[in-house]
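Going down the list, the sequences are from chains U and S.
Take 1 as the starting number for the first sequence in UniProt numbering and just add one per residue.
Take 1 as the starting number for the second sequence in UniProt numbering and just add one per residue.
In short, the hints are calculated from the structure, not lab data.
Among the hints, erroneous ones may be present.
What the hints assert, rightly or not - Sample of chain U residues facing chain S (criterion: CB under 7 Å; computed from the structure):
#1 Ser242
#2 Thr260
#3 Ala261
Stated by the list, open to error - Short derived list, chain S residues pointing at chain U, Cβ under 7 Å:
#4 Thr258
#5 Thr260
#6 Arg326
#7 Gly396
#8 Gly410
#9 Pro423
Claimed, not checked - Chain S residues, not near chain U, derived (Cβ > 10 Å throughout):
#10 Gly38
#11 Trp91
#12 Glu161
#13 Gln210
#14 Arg273
#15 Arg306
#16 Trp348
#17 Glu431
#18 Trp445
#19 Thr465
#20 Gly467
#21 Asp540
#22 Gly546
Everything numeric in this text was worked out from a predicted model, so none of it was measured.
We treat Cβ as the ideally placed atom computed from N, Cα and C, and that holds for glycine.
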Amino acid sequence: MSAPATPRAIAWSRRGATLAESWRVYRRDRGGLVGLALLVVIVALAVLAPVLTDGSGLNVTRVDAAPLQPPSASHWLGTDESGRSVLLLTWWGARMSLVIGLAAAALSVVIGTVVGVLAAHFGGWTSTLLMRFTDFFLVLPALVLAIALSTVLTRGLGTIVLAIGVTSWPQTARLVRAQTLTVETRPYIERAKALGGGHRHVIGKHVLPAVLPLVFATTTLTVASAIIAESTLSFLGLGDPSRVSWGAMLKSAMDTGAVTAGAWWYLLPPGLGIAIVVLSFTLCGRALETVFNPRLRGVGA
Amino acid sequence: MGRKIVALLAASLMVALVPAVATATAAPAAAQQDGDQGATLRVGLQQEFDSLNPFLGFSLASTQVFKLIYPTLTTYAAEDFGVVPDLATEWKHSRDELTWTFTIRRGVKWSDGEPVTAHDVAYTFNRMMTDPAAATANGNYVDNFAAVTAPDDRTVVIRTEKPQATMLSLAIPIVPEHVWSKIDDVADFANQRMPIVGSGPFVATEYRPQQSLTLKTDEDFWRGPAKIDELRFVNFENSDAAVQALRKGEIDVVRKLTPTQFDALAGASNIERVEGQGRRFFEVILNPGATNSAGTPIGTGHPALRDVRVRRAIDRAINREVLVERVLGGYGQLGGGYLPPIFADYHWTPPPRLKRPFDIPAANRALDAAGYLRGPDGTRRTPEGEPLNFEFVLHGDEPVDARVGEYLKGWLSRLGINVTLQPVSDNQVNERTTAGDFDMVISGWSANPDPDYVLRLQTCSARPTPGGGGLPDSFLCDRRYDDLYARQLAEFDHDKRVELVKQAQRRFHTQATGLILFYPNSLEAYRSDRFGDFTTQPADDGVITGQQSYWGYYQAEPTSKAIAGTGGTDYGTVALVLGVVIVLGGGVTGLVALRRRATAGDRE
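Pulled out of the complex, with its shape left as it was, chain U reads as follows (with noise of 0.2 Å):
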């Protein structure tokens, strides 16, 4: 303690220490390292789709291989109707998945954050109104209001994150809003506000660090359940047309007669696709609950 701790720096070296404790915590779960290792992975290799593959590969117009072949040396997972490597599409496949997944999560999670923190904070016929409309959207069925809206805006990416991520947000709203009570009742908000802290600063300085880091355990979940969701919406013929995804692969599978051609490879890798990147989001998504929730930490912890 020689040099005068400026506040910022006492900040700083306190949030380094958190981190590398959660990381110890996070290390322990070996579902939550196994799940983020698939998902270094899985992401490496969507990133880097372009650079490692000839994209000009999913063109229909610049394949010639047979339709709907059996995995061979030359096609390891087979062809697809119109010819085209199914481990090229399942590749990229993976970008658009997570490209929407984590979209979709993001602008839900967003939704919910705020909804749930401004509920909280000011209480009163704020949280009333907000909750009720919070409520309303909860009560909806989420794949009905995503097919409807996919159906009535034009189809493209957009709509897809939009339609997956204004159904999706409720479940944040509520459970934001519950961490945001308990933090509130602490003694150091209290004194904040008595010091003359603003709304602003409570709940800029105070109140969303707090709750961010159950932010982003949920946000974890909320992609795979927006994985799911586009992949559904995709399957249903709302999809994106012109970008290949796990969900439109399997459309198109079922579509040419796949099933009854017994054209497995064209229908396993999608569907493994989306199981494998789903598990690994839940299971990062667990872990990361238990590091920031000690009370999930089971005997011993």
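With chain U's structure known, arrange chain S on it following the hints.
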């Protein structure tokens, strides 16, 4: 507390599943009872009935049913599409070809026992001439009618304004006057009160929207009753489900198979495949600047597509061989003239001089020469500077549309044209086509043996009225085409008419508003253990379903197995699957309950 809820849930799950098993096991008994009386022909459909009202319905599913339950004056032979008598036994026309007299068959009855008379025919035609709603589906046949009268019960006299060559192919379902005269608003009448009063080989007796339509054989049909007892159309959401149902013996005929399914069914036991020449053309419309019947421009068509040079260049960027080979799996014929080759006399193929073979460099040169130059981003622009970005509207539920869209998008990108695929619902496709709200759209029609119906779609008078409505196709509206159309309609010499029809197709081809990509073959399969050979139309390379008459269903030959009502579903498997589901479901619920208890213990 938590445990109780879980237990309650598990119990209610069980309770909910038990009746399902009960009904599944009870079903075969009921099916067996039905089967005792005779054979049921079950046809899988992947299209819904747009309307059971014969004045409104124009989907293939609906028009097929109308042919089975309502009479027409004449019909088409199964053998070769020749005109044969149906409700009319004979006909003659005056020397000026303006007055036609039909003699109505004696002793034909409506299904409620009333006789079918010439007054019913006159009533039907007059209703279509005076009530615009009643002209929705088949208005083209009566546009040119001046008067229809029934001097007595057996005679119908039709006077036309101009000679009309389609007088022996009036595919208009005749409806009973004593029923329909009580209907004030045809547009709002669903015609779903069962049984539907009609007259034909079958009577519609039960309709479950989006599920099935059941028809009973009419024992009094004048040609004699059909050999089957019942005909049921069963709706399926997707074709794989229909194929699985065929394999399991839940249905007897399935239509509109994908090439993959058709290949996969080769050699399947008890299943016979039928590949028929299609009477449908598959077309891409390039919006040539849509106008309504008042000549006012409508819609959002791209200005570049008003230039015939651009439309022709686009045609040269389409490789039809690849489409037939890849999208149709070889089960189809290359597109050329407007009318499909199944109608050999009217079919026209562009001569070499007018052909536009696949050649992307040539298409690029043509666009350069026409002044549509590439911008810095590689996209071509009109001379006014508008980039060539086209919206391509497709049927979202049609796999073929999606695949054709992919190919066209790929080829046109090499011309410096950006295509955005817009798969939408069938209704939206129709709405946007009628409103001219597209740059490119996929269309296609099943042609009749008489080409008039589809030829008229390209005339100026097919354009929508300012208030909406109308059934336009490519908004061609070309004076020379309309002149050829009018002349073929008035031409009674078959050879001369054929020549005019071919000239009209040639004009349509050179204007390139609609690009005929291919004529898909019709792929069907049926249970050969339950039915013998079907009557196809035409006899060579014909189809069972979607005929231009009722032969396929009416002359179906059930085997003794079908009459005994066997060869149905294996309900044992269904029960087994359900049983497994219950056991698994119970197990999972139990496990969850245990886990819940454990974590609850930890928490407290």
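Practice item. Quick one: which hint numbers does this structure break? Sort them smallest to largest. Key: Violated hints: none; all satisfied.
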